[in-house]
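Asks: This is what each chain is made of:
2 protein chains.
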Amino acid sequence: MEESAPRMAAASGDALSEGAKTLNEYAYQRLRKDIISGVLAPGSKLRIEHLRATYQVGSSTLREALTLLLADALVIAEGQRGFWVAPISIDDLQDITRMRKMMATLALRESIKNGDDEWEAGIVAAFHRLSRVEDRLAAEAAEVADDWEDRNREFHEAAIAACTSRWTRHFRAILYSQSERYRRFSLVAMNGRRDVHAEHQAIMEATLARNADLACRLTEDHIDNTLLSMTHMLEIPVTVAR
Amino acid sequence: MEESAPRMAAASGDALSEGAKTLNEYAYQRLRKDIISGVLAPGSKLRIEHLRATYQVGSSTLREALTLLLADALVIAEGQRGFWVAPISIDDLQDITRMRKMMATLALRESIKNGDDEWEAGIVAAFHRLSRVEDRLAAEAAEVADDWEDRNREFHEAAIAACTSRWTRHFRAILYSQSERYRRFSLVAMNGRRDVHAEHQAIMEATLARNADLACRLTEDHIDNTLLSMTHMLEIPVTVAR
DNA sequence: GTCAAGAAAATTATCGATATTTTTTATAAC
DNA sequence: GTTATAAAAAATATCGATAATTTTCTTGAC
Numbered sequence: 001m002e003e004s005a006p007r008m009a010a011a012s013g014d015a016l017s018e019g020a021k022t023l024n025e026y027a028y029q030r031l032r033k034d035i036i037s038g039v040l041a042p043g044s045k046l047r048i049e050h051l052r053a054t055y056q057v058g059s060s061t062l063r064e065a066l067t068l069l070l071a072d073a074l075v076i077a078e079g080q081r082g083f084w085v086a087p088i089s090i091d092d093l094q095d096i097t098r099m100r101k102m103m104a105t106l107a108l109r110e111s112i113k114n115g116d117d118e119w120e121a122g123i124v125a126a127f128h129r130l131s132r133v134e135d136r137l138a139a140e141a142a143e144v145a146d147d148w149e150d151r152n153r154e155f156h157e158a159a160i161a162a163c164t165s166r167w168t169r170h171f172r173a174i175l176y177s178q179s180e181r182y183r184r185f186s187l188v189a190m191n192g193r194r195d196v197h198a199e200h201q202a203i204m205e206a207t208l209a210r211n212a213d214l215a216c217r218l219t220e221d222h223i224d225n226t227l228l229s230m231t232h233m234l235e236i237p238v239t240v241a242r
Numbered sequence: 001m002e003e004s005a006p007r008m009a010a011a012s013g014d015a016l017s018e019g020a021k022t023l024n025e026y027a028y029q030r031l032r033k034d035i036i037s038g039v040l041a042p043g044s045k046l047r048i049e050h051l052r053a054t055y056q057v058g059s060s061t062l063r064e065a066l067t068l069l070l071a072d073a074l075v076i077a078e079g080q081r082g083f084w085v086a087p088i089s090i091d092d093l094q095d096i097t098r099m100r101k102m103m104a105t106l107a108l109r110e111s112i113k114n115g116d117d118e119w120e121a122g123i124v125a126a127f128h129r130l131s132r133v134e135d136r137l138a139a140e141a142a143e144v145a146d147d148w149e150d151r152n153r154e155f156h157e158a159a160i161a162a163c164t165s166r167w168t169r170h171f172r173a174i175l176y177s178q179s180e181r182y183r184r185f186s187l188v189a190m191n192g193r194r195d196v197h198a199e200h201q202a203i204m205e206a207t208l209a210r211n212a213d214l215a216c217r218l219t220e221d222h223i224d225n226t227l228l229s230m231t232h233m234l235e236i237p238v239t240v241a242r
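Those protein sequences? They're chains A and B, same order as listed. According to the working numbering, the first sequence is numbered sequentially starting from 1. According to the working numbering, the second sequence is numbered sequentially starting from 1.
Each hint should be verified, as a subset may be incorrect.
[As the list claims (entries may be wrong)] Okay, the calculated bits of chain A under chain B, using three or more residues with CB under 8 Å as the criterion:
id, segment
1, 70-77
2, 91-99
[What the hints assert, rightly or not] Over the 12 Å line for every Cβ pair with chain A, so calculated as not near, a few chain B residues:
id, residue
3, E25
4, D34
5, T54
6, T61
7, A71
8, A77
9, G79
10, W119
11, A138
12, V144
13, A162
14, H232
Keep in mind that the hints were calculated from the coordinates and are not lab data. Ideal placement from N, C-alpha and C gives every residue a C-beta, glycine not left out.
Go ahead and model the full structure; you've got the sequences and the hints to work with.
Replies: As structure tokens, then:
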């Protein structure tokens, strides 16, 4: 028998819909995840009727979710022609990386200036949670990859939580999710070649020591490495702008 | 007799819907304009049924337009609670101004580096169009205010048209529309006190002379003046961060 | 008067049906 | 074979009806 559509999926126990207050948000989160993880390939057409069946929501709700993804630039749209997954390219990744370094260090610098005891505690806690999942990453890579992404994001967000510029934080968040897409492609190649854990630890230590210059330099290197491992994978030479 | 709703408003001769391919875009453009101009007050509730009647579109279409405005941060939303016009504040304007200077000068610097003959011609043409409407601004302020805003935007966009970083341009555009809201509030007070025309001319001359440092400094001052005139109006002391 | 609980009203969220447009396929002329 | 045109199919965009939720109003106890 056919599984009936969840009128209010968010209310059900579905793990995917955690925190989604509306079906619209639920669809947004699932689509977002599928785009970032590459299940929905860059450049591919997003046909309403097909997705409607996949995600079990009405067409208007789905359109609203897709429109929401426009804000993250994970989806592009053209009037009367529909929606597509935003394409990716090396040029775009370079642009993203450059801007992301700028936003990340801007946010970190201000956060280091303003942060209080609670902020410090948040960083240490997020680092700990990230370390725990990293222990398991080697053994069961595929299973914990999503967890690692979540905790990695949470760690970096904890570090800049005390930044009072909402626009800096907003733009940083958009660029973070953009580069997350690219990171997924280079995850396997990256693994082992870099000691990401050590990078995080160094960033944390410099941040807690309120050494803004060092923390920012380490963050820039950290972000650059995404670009480098990605371009290395594709065997394309690249110059990292400073 | 009641005027019938335009099934495809974009197709009709309505001046407001120029360039709108879908009813959704039409609603988006009208809402956007009404928010920036202050017709829809900052912080006010955006009730679907009411707006539906005003803009003559269905509820799904309207929701999609409102969701689109979320990307511009001109509207805020909360699940099951609906939509509001994004509130404004002096703190937010300061944040916007600081970020906007950064994005604008970043875009301008790169544009000066990359610009060709066509780019130069575009700037001169946009400046000319802006000057023409400024002649009329003193006499018939209210009538040409919208025109002035359009041409002012087009001038600044022409100047950074050769910037190849789409993210810089994207963020700059968002921040520009944000500050446009604030400028509307301070437009009357600003008029006469500043020689905006002279500021534009100086920016253009420095840009065409490929003097990036000067052009950027003038642009920063130009943007700062929006903040200053706004805060002056509200009699609140403010420090301009450099 | 204030607070709480329940009923009524208002509002948001969702859906699937229909209108409109774009894309594909088929046919015909050159 | 290529191009142009017309018909058919597929897809997008739009709407208003209905379900679900939030907000407001009413009533009653203290």
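Asks: Hint by hint, note whether the structure agrees.
Replies: Here's how the hints hold up against the structure:
Against chain B, the segment 70-77 of chain A contributes 3 residues with a C-beta closer than 8 Å to a partner C-beta. That satisfies the three-residue criterion, and the hint holds. Under the rule that three or more residues need a Cβ within less than 8 Å of chain B, the assignment of the segment 91-99 of chain A holds, with 5 such residues. A beta-carbon of chain A is positioned within 12 Å of the beta-carbon of E25 (chain B); the least distance is around 6 Å. A cut-off of 12 Å between C-beta atoms confirms that D34 (chain B) is not in contact with chain A; the least separation is 19 Å.
Every Cβ of chain A is farther than 12 Å from the Cβ of T54 (chain B); the closest lies at roughly 20 Å, confirming the non-interface assignment. Interface exclusion of T61 (chain B) from chain A breaks down, the closest Cβ pair being 9 Å apart, not more than 12 Å. With a minimum CB-CB distance of about 3 Å to chain A, A71 (chain B) fails to clear the 12 Å threshold, and the non-interface call is violated. Separation of A77 (chain B) from chain A is inadequate, the least Cβ-Cβ distance of about 9 Å not exceeding the 12 Å criterion.
Remark: the non-interface label on G79 (chain B) conflicts with the geometry, its nearest Cβ contact in chain A lying 3 Å away (cut-off 12 Å). Every CB of chain A lies more than 12 Å from the CB of W119 (chain B), the least distance being 19 Å, so the non-interface label holds. Every beta carbon of chain A lies more than 12 Å from that of A138 (chain B), the smallest distance being close to 34 Å; the non-interface claim holds. With a cut of 12 Å on Cβ distances, V144 (chain B) stays outside the contact zone with chain A, its closest approach being about 29 Å.
With a cut of 12 Å on Cβ distances, A162 (chain B) stays outside the contact zone with chain A, its closest approach being about 15 Å. Consistency note on H232 (chain B): stated as away from chain A, and its beta-carbon is indeed over 12 Å from all of that chain's, at 23 Å minimum.
Violated hints, in rising order: 3, 6, 7, 8 and 9; the structure is consistent with all others.
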